[in-house]
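Please build the complete structure, drawing on both the sequences and the hints.
Chain order of the listed sequences is A and B. Residues in the first sequence are numbered consecutively from 6, following my numbering. Residues in the second sequence are numbered consecutively from 32, following my numbering.
Source of the hints: derived by calculation from the structure; they are not laboratory data. The structure presented is a predicted model; accordingly, all values stated were derived computationally and were not measured. Among the clues, some could well be false.
What the hints assert, rightly or not - In silico lysine-lysine, BS3-like type, Cα no more than 30 angstroms apart, as pairs:
1. B:Lys34 with A:Lys46
2. A:Lys14 with B:Lys100
3. A:Lys43 with A:Lys24
4. A:Lys45 with B:Lys100
5. A:Lys23 with A:Lys46
6. A:Lys14 with A:Lys45
7. A:Lys45 with B:Lys34
8. A:Lys58 with B:Lys34
9. A:Lys24 with A:Lys46
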Amino acid sequence: DTEVTQTPKHLVMGMTNKKSLKCEQHMGHRAMYWYKQKAKKPPELMFVYSYEKLSINESVPSRFSPECPNSSLLNLHLHALQPEDSALYLCASSQDQKTATANTGELFFGEGSRLTVL
Amino acid sequence: DAKTTQPNSMESNEEEPVHLPCNHSTISGTDYIHWYRQLPSQGPEYVIHGLTSNVNNRMASLAIAEDRKSSTLILHRATLRDAAVYYCILRYTLYGQNFVFGPGTRLSVLP
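Here's what the structure looks like:
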């Protein structure tokens, strides 16, 4: 199973709402990532978790709150977002460097959650 | 972080080879060169990666200049399904987590 599953596929929320995006993988990967992608732009790295601990936060505003409850799940909690936060949010996973098995370091991406903030 | 530059867009005819260039003049000795592509309405997918030697896989070939300041992704026979944005990315070590995408090249394939 080489799949990263993201839910929901589409989300519309108001600026006062609280919602969450979910990401799941069952490949035994220990590194998980959140990216934000605006239309016709490349994905921008937001957060990286390694072994369920936050290892990279690319100066993301606090209205985005990541959570990694276990090695298979990654959440992105959203609160008090702005219309400019409307974008495609992509989750990815990879085997972490601590994994003994040789691998390509490949990132596996989900299809993304398209968020619209009204 | 070392940066990459790529043409904004390229066009190819179906069933012809495509050479997608990438410049990375500030690459360091430990940077791996990765290529990903993003098909319309999908997340990016891995294409190929290399460090110093040329690499081949079932999807493409990667030619790396001797000084490593540039590389070229080669699609041997373009198909309509290869129309996508192709990203050249430098990754510190094979497992570096600061995986930053550049602007990419939008490839159009004409029938």
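Here is what the structure says about each hint:
no. : hint                  : result
1   : B:Lys34 with A:Lys46  : holds (16 angstroms)
2   : A:Lys14 with B:Lys100 : violated (39 angstroms)
3   : A:Lys43 with A:Lys24  : holds (19 angstroms)
4   : A:Lys45 with B:Lys100 : holds (27 angstroms)
5   : A:Lys23 with A:Lys46  : holds (26 angstroms)
6   : A:Lys14 with A:Lys45  : holds (19 angstroms)
7   : A:Lys45 with B:Lys34  : holds (19 angstroms)
8   : A:Lys58 with B:Lys34  : holds (27 angstroms)
9   : A:Lys24 with A:Lys46  : holds (24 angstroms)
This entry does not satisfy hint 2, going by the numbered hints stated previously; all others are met.
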